[in-house]
Amino acid sequence: MIQNSRPSLLQPQDVGDSVETLMLHPVIKAFLCGSISGTCSTLLFQPLDLLKTRLQTLQPSDHGSGRVGMLAVLLKVVRTESLLGLWKGMSPSIVRCVPGVGIYFGTLYSLKQYFLRGHPPTALESIMLGVGSRSVAGVCMSPITVIKTRYESGKYGYESICAALRSIYRSEGHRGLFSGLTATLLRDAPFSGIYLMFYNQTKNIVPHGLWTTWLLPRWLPPGPPQSSDGSNGVDSV
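So for the sequence shown, the numbering used here puts the first residue at 69; every next one is plus one.
One thing to keep in mind: the hints can contain errors.
[Stated by the list, open to error] Here are the simulated distance ranges between beta carbons:
(1) 253 / 184: 17 to 27 Å
(2) 267 / 186: 13 to 23 Å
(3) 192 / 101: 18 to 28 Å
(4) 97 / 187: 36 to 46 Å
(5) 272 / 231: 43 to 53 Å
(6) 227 / 181: 34 to 44 Å
(7) 181 / 207: 19 to 29 Å
(8) 186 / 153: 40 to 50 Å
(9) 151 / 272: 42 to 52 Å
(10) 151 / 182: 42 to 52 Å
(11) 228 / 149: 17 to 27 Å
No lab work stands behind these hints: they were computed from the structure.
If you're wondering where the values come from, they're calculated on a predicted model, not measured in any experiment.
Heads up, the beta-carbon is just placed ideally off N, CA and C, and yes, glycines get one too.
Sequences and hints are given; from them, build the entire structure.
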């Protein structure tokens, strides 16, 4: 009698190991960490982003000939839309920031592994890495960026993100979903390149252990008694 003893494709232990290996992959970790940091920054600074958009889209007829500052716009939003109105457009901001920052860090890690092969980047390489990573993220998230800006302007009555995507595509075509992309890339890509260049160069210039020397006396509790060689235990840190 022949028994059908064909093993299952994946044992439960194999599935768990595969998931653990996937979660430990550096690209996945970079994506998740970037997404979490993007969520936190969006929650904190969404009111300032909304005020910036309102100031940039303010029409002369809305305030006459006088100049309107950020405080006046802030008070108007709170008075007419309540305090929660400062977080208007939060949904598209989260939808844009969470995958957007994750795509940026994931692309940055992939480019570093592919082109640098483990050696530290030079100043020019850092600029190119930042520009390339931000450009990829900017192109991918451009439709959500357009919706986010229109939500924050307060001049569009979109019911949801999906409804906004359908409305823009029907009335303006695919060009409407990528409107302002050139200006966005001209702003964000050089910024990311310069930021990454200064970050890497500063990290290389500052001697190793310098921050520990400055911060240990201030933030750590008293250490062990002084060693016989006079090092006070600093060498063991």
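Do the hints match the structure? See the list:
The hint said 17 to 27 Å for the Cβ distance between residue 253 and residue 184, and at roughly 23 Å that hint holds. A hinted range of 13 to 23 Å holds for the C-beta pair residue 267 and residue 186, which are about 18 Å apart. Distance hint check: the CB atoms of residue 192 and residue 101 are about 26 Å apart, consistent with the given range 18 to 28 Å. Taking 36 to 46 Å as the suggested C-beta distance range, the pair residue 97 and residue 187 does not conform, at roughly 21 Å.
Under the hint 43 to 53 Å, the C-beta atoms of residue 272 and residue 231, about 49 Å apart, fit the expected range. Evaluation of the 34 to 44 Å hint for residue 227 and residue 181 yields a pass: the beta carbon distance comes to about 42 Å. For the pair residue 181 and residue 207, the supplied restraint of 19 to 29 Å holds, since their beta-carbon distance comes to about 21 Å. For residue 186 paired with residue 153, a C-beta distance near 49 Å keeps the hint of 40 to 50 Å intact.
The hinted range of 42 to 52 Å is satisfied by residue 151 and residue 272, whose Cβ atoms lie roughly 45 Å apart. A beta carbon spacing of about 47 Å between residue 151 and residue 182 agrees with the range 42 to 52 Å that was offered as a hint. About 19 Å separates the C-beta atoms of residue 228 and residue 149, a value consistent with the hinted range of 17 to 27 Å.
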